[in-house]
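Respectively, the protein sequence lines represent chains A and B. In our numbering, each number is its position in the first sequence, counted from 1, plus 109. Residue 274 in our numbering sits at position 281 of the second sequence, with consecutive numbering throughout.
Source of the hints: derived by calculation from the structure; they are not laboratory data. Backbone N, C-alpha and C fix where the C-beta goes; we use that ideal spot for every residue, glycine too. Warning: the hint list may mix true and false statements.
Stated by the list, open to error - Which chain B residues stay away from chain A? Per the calculated CB distances, all over 10 Å, these: (1) L21; (2) E173; (3) C271; (4) T277; (5) L287; (6) G375.
Claimed, not checked - Estimated spans, in silico, between C-beta atoms of each pair: (7) F82(B) to V196(A): 33 to 43 Å; (8) R117(A) to R292(B): 23 to 33 Å; (9) G423(A) to R292(B): 28 to 38 Å; (10) V265(A) to T23(B): 56 to 66 Å; (11) R195(A) to Y78(B): 34 to 44 Å; (12) F56(B) to G423(A): 30 to 40 Å; (13) I218(B) to L421(A): 27 to 37 Å; (14) L421(A) to A16(B): 55 to 65 Å; (15) A16(B) to Y230(A): 24 to 34 Å; (16) T178(A) to L168(B): 57 to 67 Å; (17) D187(A) to E291(B): 53 to 63 Å; (18) A164(A) to D90(B): 54 to 64 Å; (19) Y134(A) to V264(B): 18 to 28 Å.
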Amino acid sequence: MSTYILRRLIQTVLVIIILSYVCFYIMTLMPGDPVELMIQSNPKITSADVERLRALYGLDQPAYKRYGTWVNTILGGDLGYSRTYRVPVEELMIPRLKNTFILSLLSLLLSLAIALPLGIYSALNPGGRFDSIVNFFAFSGISIPSFWMALMLIIVFAVQLGVLPAGGTETVGLNSENFFNFVKDRGTYLILPILSLSVQQIGSFIRYARSAMMETLRNDYIRTAKAKGLERKVIIWRHAFRNALIPLITILALSFSGLFSGALLTETVFAYQGVGKLVYDSIIANDYNVAMISFIISVSMVLLMNLLADILYGFADPRITFS
Amino acid sequence: MDLQTQESLSVKMAGNQGSLTDAQKKDLETALPLWKIVMRQFLEHKMAVVSLGVILFFVLVAFSADLIAKGLGLDSNRQNVSARYLLPFSRTEIPNDAKESSIETWISENPEKSQALSKALIDKQILMSQRPADEILFELGTKPQTEALQLFEKISQPEFVSFKKMLENFGSFHLFGTDEVGRDVFIRLIYGTRVSMGVGVMVAVASALVGLFIGSLAGFYGGIIDTLLMRVTDSLLSLPLVPVLIVVAAIDLQKLPALKSLMNPENESIVKMFLILCLFSWMTVARLVRGSILSLREREFVLAARTLGARDRTIIFSHMFPNVIAPMLVAITLGVGQSILFEAALSFLGLGIMPPTPSWGNMLNNAQEVIYKNVWLTILPGIMIWLTTISFNFVGDGLQDAVDPKSIRR
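Starting from the given sequences, assemble the full structure and let the hints guide the process.
Laid out in structure tokens, this is it:
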């Protein structure tokens, strides 16, 4: 068990290191570097200045050397400085992580509350009318582009009905001491992002719940329970549902991995100040420090949560051995 | 053979034993080939069959895009600033100065015909001109298109057919309205079908081939190759796709010299999109293929082939591949839907297929501003994406049921 965890941990760290290097290298391939931007903003710059600036920023060094210097400063606790927002990166990251966490957690809970009952109920009577309708909606959910769903919600609720804001995180300038007002304000900005994020999750959760339940109902012990003359309710809840939970826990654990990584598309469409939007904005704006850090944090979160999910899975299902 | 026919057969047999008709005997004696079983099973999945129809329709549309454009006289890149944000089912005409200049070129190209036409118009008193006689053609042309055509019909001499064609080009009907620079949305959606579905299908097929290659290498040889390849596969699988794709899509591929020769500016963004999506979508197939090859490796027919002295290549290609084709087909079908969604997302963010080439995703590119002017510009491409993706997903589901022996009800 502990060797398994150790091995997975080493692997995860290795992936993060490789990925950060690849990401660093990719950033050098993106159009425009800091000095090029300075050239654009200052037409009087001389080529000698350019040379000096390049040497100053270390841009004349090969990528792997620059990566080494960069990692050293990061490990020294200096995450760097955002060129767009003019604040240290860690100051930028922490509220973003919080925002993303709230959004993802709420939409995950909503999806589970809707999807699990629907999926399980439709598995009890496969091929029936209820099952077909639920199935169609589940397929629709996984086939709708999430950003388009977001746009549709904006069209209906913000443009046509005008009841909810089209985007943002909180009302600017609302400096409310009242906790209730604060929650209410944040809530109105959260409804549409949560809905649009949930649609896809609901679709896939329904499919997983349905197939997990159907798979379980096919087992011999269910037939035995039926043969014993047990009540249908007992068979479903005590014998089938409990066992169907095992694969569902994996899926649940895997969706936890997205809690901090951010829903890039949804956040971007709704201008919700989360990690996903930060990743996108900083890449578009050539804000290297922010782009690197936010990307690596968001990916590392996913990888670590995956690891956690695998370990938890072992506790949930005693049949699984770590080897 | 499904349950019902078998039941009815056995009932018949119990009823008159020993007296089977020849047809019944034949039915019992012949085994159904695999593809027929699969097809029968697939046809039972109603949504999958309907979806297959939808996909075939879209494929047809994609292939005949040029034909449709020519037939309707529409051009996916023709802009018309005077007719922006038109609603569905509206007509537009080009501005009068544009009409006049094209009449002028027609006159200078066909001086005799123009003389004759003006003469005919005046003789038949179709137009009572206040202006000098040689300007009568301009007066006819700058009238609203339907009226001009009606008036022109009264002459209807075959030699003036080129003038009539020109008149017909002066106005156009926009089934789905026009976009922010006055381009026809209908024809752009049709060309978008070509691009979006083309990218989706190509990515799914190509990445399945990559996955097949890597998966079979890992599964067949095992050992260090297997460990290495599967570590890479697992690592790639664990990455959150959207942020990774966005980082990769932001690369300026021109800085990579190896790829520079592959593309010209015209299709650069399509090739780039294809490469990026392939890079991150082969893993599922690789794992699937590895799994089935691992189990096939222990089977008797592989042992038999090996004993007969077959080479590795022969065993992999002619004994193992036929057994992994079915699950791969499912993976490819489901992969098309995924790729279309990713292409749309990246193009929506402005990192995918670059305008003026229309794709469903980049038609939504500035949807956030456009929704206040004309909601149809946002609704229609999304419906196309949703319809195609759901169709591919349903067909994939149907295929999965059809090729999975556990779910075949016989």
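Go through the numbered hints given earlier and state which of them the structure violates, listing their numbers in rising order.
6, 7, 12 and 15
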